[in-house]
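K.L.:
With chain A fixed as given, assemble chains B, C and D onto it according to the hints.
Number of protein chains: 4
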Amino acid sequence: MSLEQAGRALADEASRFSALGWMRGTSGNLSVRLGDEPLRLAVTASGKDKGELTHHDVVVVDEAGSAVADQPDPTRRPSAEAGLHARIASVTGAGAIVHGHVLATVIAGERWPKGVVLRDLEMLKGLGRGAHDDEVTIPVVPNSQDMAVLGDAFEDSYESGVPALIVARHGVYVWGEDLHQARHRAECLEWILQFHLATEQ
Amino acid sequence: MSLEQAGRALADEASRFSALGWMRGTSGNLSVRLGDEPLRLAVTASGKDKGELTHHDVVVVDEAGSAVADQPDPTRRPSAEAGLHARIASVTGAGAIVHGHVLATVIAGERWPKGVVLRDLEMLKGLGRGAHDDEVTIPVVPNSQDMAVLGDAFEDSYESGVPALIVARHGVYVWGEDLHQARHRAECLEWILQFHLATEQ
Amino acid sequence: MSLEQAGRALADEASRFSALGWMRGTSGNLSVRLGDEPLRLAVTASGKDKGELTHHDVVVVDEAGSAVADQPDPTRRPSAEAGLHARIASVTGAGAIVHGHVLATVIAGERWPKGVVLRDLEMLKGLGRGAHDDEVTIPVVPNSQDMAVLGDAFEDSYESGVPALIVARHGVYVWGEDLHQARHRAECLEWILQFHLATEQ
Amino acid sequence: MSLEQAGRALADEASRFSALGWMRGTSGNLSVRLGDEPLRLAVTASGKDKGELTHHDVVVVDEAGSAVADQPDPTRRPSAEAGLHARIASVTGAGAIVHGHVLATVIAGERWPKGVVLRDLEMLKGLGRGAHDDEVTIPVVPNSQDMAVLGDAFEDSYESGVPALIVARHGVYVWGEDLHQARHRAECLEWILQFHLATEQ
Numbered sequence: 181m182s183l184e185q186a187g188r189a190l191a192d193e194a195s196r197f198s199a200l201g202w203m204r205g206t207s208g209n210l211s212v213r214l215g216d217e218p219l220r221l222a223v224t225a226s227g228k229d230k231g232e233l234t235h236h237d238v239v240v241v242d243e244a245g246s247a248v249a250d251q252p253d254p255t256r257r258p259s260a261e262a263g264l265h266a267r268i269a270s271v272t273g274a275g276a277i278v279h280g281h282v283l284a285t286v287i288a289g290e291r292w293p294k295g296v297v298l299r300d301l302e303m304l305k306g307l308g309r310g311a312h313d314d315e316v317t318i319p320v321v322p323n324s325q326d327m328a329v330l331g332d333a334f335e336d337s338y339e340s341g342v343p344a345l346i347v348a349r350h351g352v353y354v355w356g357e358d359l360h361q362a363r364h365r366a367e368c369l370e371w372i373l374q375f376h377l378a379t380e381q
Numbered sequence: 181m182s183l184e185q186a187g188r189a190l191a192d193e194a195s196r197f198s199a200l201g202w203m204r205g206t207s208g209n210l211s212v213r214l215g216d217e218p219l220r221l222a223v224t225a226s227g228k229d230k231g232e233l234t235h236h237d238v239v240v241v242d243e244a245g246s247a248v249a250d251q252p253d254p255t256r257r258p259s260a261e262a263g264l265h266a267r268i269a270s271v272t273g274a275g276a277i278v279h280g281h282v283l284a285t286v287i288a289g290e291r292w293p294k295g296v297v298l299r300d301l302e303m304l305k306g307l308g309r310g311a312h313d314d315e316v317t318i319p320v321v322p323n324s325q326d327m328a329v330l331g332d333a334f335e336d337s338y339e340s341g342v343p344a345l346i347v348a349r350h351g352v353y354v355w356g357e358d359l360h361q362a363r364h365r366a367e368c369l370e371w372i373l374q375f376h377l378a379t380e381q
Numbered sequence: 181m182s183l184e185q186a187g188r189a190l191a192d193e194a195s196r197f198s199a200l201g202w203m204r205g206t207s208g209n210l211s212v213r214l215g216d217e218p219l220r221l222a223v224t225a226s227g228k229d230k231g232e233l234t235h236h237d238v239v240v241v242d243e244a245g246s247a248v249a250d251q252p253d254p255t256r257r258p259s260a261e262a263g264l265h266a267r268i269a270s271v272t273g274a275g276a277i278v279h280g281h282v283l284a285t286v287i288a289g290e291r292w293p294k295g296v297v298l299r300d301l302e303m304l305k306g307l308g309r310g311a312h313d314d315e316v317t318i319p320v321v322p323n324s325q326d327m328a329v330l331g332d333a334f335e336d337s338y339e340s341g342v343p344a345l346i347v348a349r350h351g352v353y354v355w356g357e358d359l360h361q362a363r364h365r366a367e368c369l370e371w372i373l374q375f376h377l378a379t380e381q
Numbered sequence: 181m182s183l184e185q186a187g188r189a190l191a192d193e194a195s196r197f198s199a200l201g202w203m204r205g206t207s208g209n210l211s212v213r214l215g216d217e218p219l220r221l222a223v224t225a226s227g228k229d230k231g232e233l234t235h236h237d238v239v240v241v242d243e244a245g246s247a248v249a250d251q252p253d254p255t256r257r258p259s260a261e262a263g264l265h266a267r268i269a270s271v272t273g274a275g276a277i278v279h280g281h282v283l284a285t286v287i288a289g290e291r292w293p294k295g296v297v298l299r300d301l302e303m304l305k306g307l308g309r310g311a312h313d314d315e316v317t318i319p320v321v322p323n324s325q326d327m328a329v330l331g332d333a334f335e336d337s338y339e340s341g342v343p344a345l346i347v348a349r350h351g352v353y354v355w356g357e358d359l360h361q362a363r364h365r366a367e368c369l370e371w372i373l374q375f376h377l378a379t380e381q
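Those protein sequences? They're chains A, B, C and D, same order as listed.
One rule links them: number in my numbering = place in the first sequence (from 1) + 180.
One rule links them: number in my numbering = place in the second sequence (from 1) + 180.
One rule links them: number in my numbering = place in the third sequence (from 1) + 180.
One rule links them: number in my numbering = place in the fourth sequence (from 1) + 180.
Each hint should be verified, as a subset may be incorrect.
For identical chains, the list gives no copy identity; a pair is met inside one copy or between any two copies.
[Claimed, not checked] Under the rule of at most 20 Å between Cα atoms (straight-line distance), these lysine to any residue pairs were calculated in the SDA-like manner:
1. Lys-294 <-> Glu-380
2. Lys-228 <-> Arg-196
3. Lys-228 <-> Ala-189
4. Lys-294 <-> Val-342
5. Lys-305 <-> Leu-377
6. Lys-294 <-> Thr-379
7. Lys-228 <-> Asp-192
8. Lys-294 <-> Ala-378
FYI, nobody ran anything at the bench for these hints, they're computed from the structure.
So here's chain A without its partners, still in its complex pose (with noise of 0.2 Å):
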């Protein structure tokens, strides 16, 4: 995938997103993998209206979330969060990350805060999961501003098979192989939220 058509399919997908609701004000980011070894992603830009992207609102970063040297637009800054999405890329292998404010997700992790166990659910399905006898607790971690304790925060708290992390009072992060895997991923997981805050007291 070549860097424009990575922009080009972020700036889509941010703009699916933001009509959802889950990218109030400039909130939420969303990257793609380039390459391995040494990692590489696109992650939108920082700053913009994500129902307003084009595809030049991206910056290449690395296995830190840093922006790399060699980028098309050097004044375009990444999130802080593009540590988190690295972090993540790195330890899941995904190829994928999505992280918004998805409303049901961030009410659901603060009423279960250790953790939302979910079982018995078609949808689960979706996340790659069984929809039979199959428990998968979504994670949910505190809040924090530095990406090295999100990120620690993160792998201490993941296993493989669970691709989702709520950050409390903040939001979630859903990956995938792709973009088109990640947003399925998030989608099935808010409809699940919003199941499961409906129907457990």
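P.N.:
Showing chains B, C and D alone in chain A's frame:
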């Protein structure tokens, strides 16, 4: 109806339902009857984003929900759930069936697992029933990955004149003479269950 | 206003209300006054998807809500509910009436079956009322399939200056000088009742 | 910014907010600063559907919110609420102000009439505040039709660094350096209050 017409109609409806949030991820599937004796249904192809289907994303299945040999594109697979579509079409004579993960229907199925009892609602006319003194029970059956099990549960619970089936912790099937009627019934059922959930404690 | 203009305006509003979820299935109907003495209304045709109307999908009715003999397309039928439109137009002098299955209004009718009492809300100005010290009761009448019964219940409950009527377990009628005002009042009433339901336990 | 540019920007934002349900009927109004000393604001014209504005539907007002003599179209009137826009612009130095009937903000004002106390939320950064250990109180003032009364209540409750004001049983004012920032803050505030209402019982 030609297969191309069916494909276009299914893609249009899938796009509509996707925008309503009923087909999150790649979930849900729609079918329309192509012929009788032997039964033939056009079913949406599996594994696709339902907001992005084209008229090519369709598979012809038989009375068991299996892909027939003669397909425009033999690489496309029907959803496993095509088996339940075929069963519903056979038993009810429906011309079209929609299956989506409609949140209100699944919440209602969780709250009233023995069936959702409705009466005295104008909107019941949208399901082909009376607005007064006509009690309608929407059946709720346990979820299963085995379409024969789901199909038997459907038949056991089926009552002529009730064009919907809730699959617990999964989604809803709604059917009608054609896609338009199936759509209208699904939209009316969602409204009715939103009302029922808000008013029946 | 010519019948063609009326048809275009009705189709536009129906499309808008359909997108708001107020006209699920083929439910709901809109009317606009074409003439007085004798009263003539253009009413949306029955049995159509309200998001897909064209300016042809309109019927001219008289003061009883019956189709007049001279129609552009004599095959189109008015909704039975045209009788209530005509009654409301006669009694109130309204230039336009909208009827939809607006969820919040029907839930409010169920919670407050003797009428929904409102006061001290800025949004009441959108109904032509005062924002302070002006108590407004939105009447709620039982549902019926007999438009004479519904019409009598409307007249019994009607108070000049209250441009709305909730029909229990059915929907709402809202009227105004023209379609724009009827739309605005319907949108304001929905907002008010959403607020009222959320804050009045 | 020319008046025509201001008119186009205001119409675009009004259309966006209207689609979000924040400007039901003809409610709500937006303003952008045209000049200082003397203060001049471009304000959306009164009595229009906010989803249908053009760049002509704008009025230039002075520091009292009164229309200045020199207008492109002297027949257009500013909303009475332009007085509060002007007061907020004078006191806070804001470059743009949005006022809408945002449901979650009015429900929050009803539940916490002494002010809505917020802290430890990532989304507070969208209001220009800290995500940790930074308590923010969104003031709530009683509704009034007298802009001098509302303006005094605003000034009494105003604390530098809190760019929003809830008017009880009415709506919300949110401001920023420009329309983009005001929009972002309004969207973030709605999200925050939806979260707060769902989690603070």
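K.L.:
Now look at each hint and say whether the structure bears it out.
P.N.:
Right, here's what the structure says about each hint:
In this assembly of identical chains, the alpha carbons of Lys-294 and Glu-380 lie at most 20 Å apart whether taken from the same copy (15 Å) or from different copies (18 Å). With identical chains, the CA atoms of Lys-228 and Arg-196 are at most 20 Å apart both within one copy (15 Å) and between copies (17 Å). For the identical chains of this complex, Lys-228 and Ala-189 are neighbours both inside a copy (16 Å) and across copies (17 Å), given an alpha-carbon limit of 20 Å. When the C-alpha separation of Lys-294 and Val-342 is checked against a cutoff of 20 Å, the pair qualifies only within one copy, where the shortest distance is 15 Å, while the shortest distance between copies is 32 Å.
In this assembly of identical chains, the alpha carbons of Lys-305 and Leu-377 lie at most 20 Å apart only when taken from the same copy (19 Å versus 26 Å across copies). Taking the shortest Cα distances, Lys-294 and Thr-379 sit within 20 Å of each other both inside one copy (19 Å) and across copies (16 Å). Both within a single protomer and between protomers do Lys-228 and Asp-192 lie at most 20 Å apart by alpha-carbon distance, with minima of 14 Å and 18 Å respectively. Within a single copy, Lys-294 and Ala-378 get their C-alpha atoms as close as 19 Å, and across copies as close as 19 Å, so both meet the 20 Å cut-off.
In this structure, none of the earlier numbered hints is contradicted; all agree with it.
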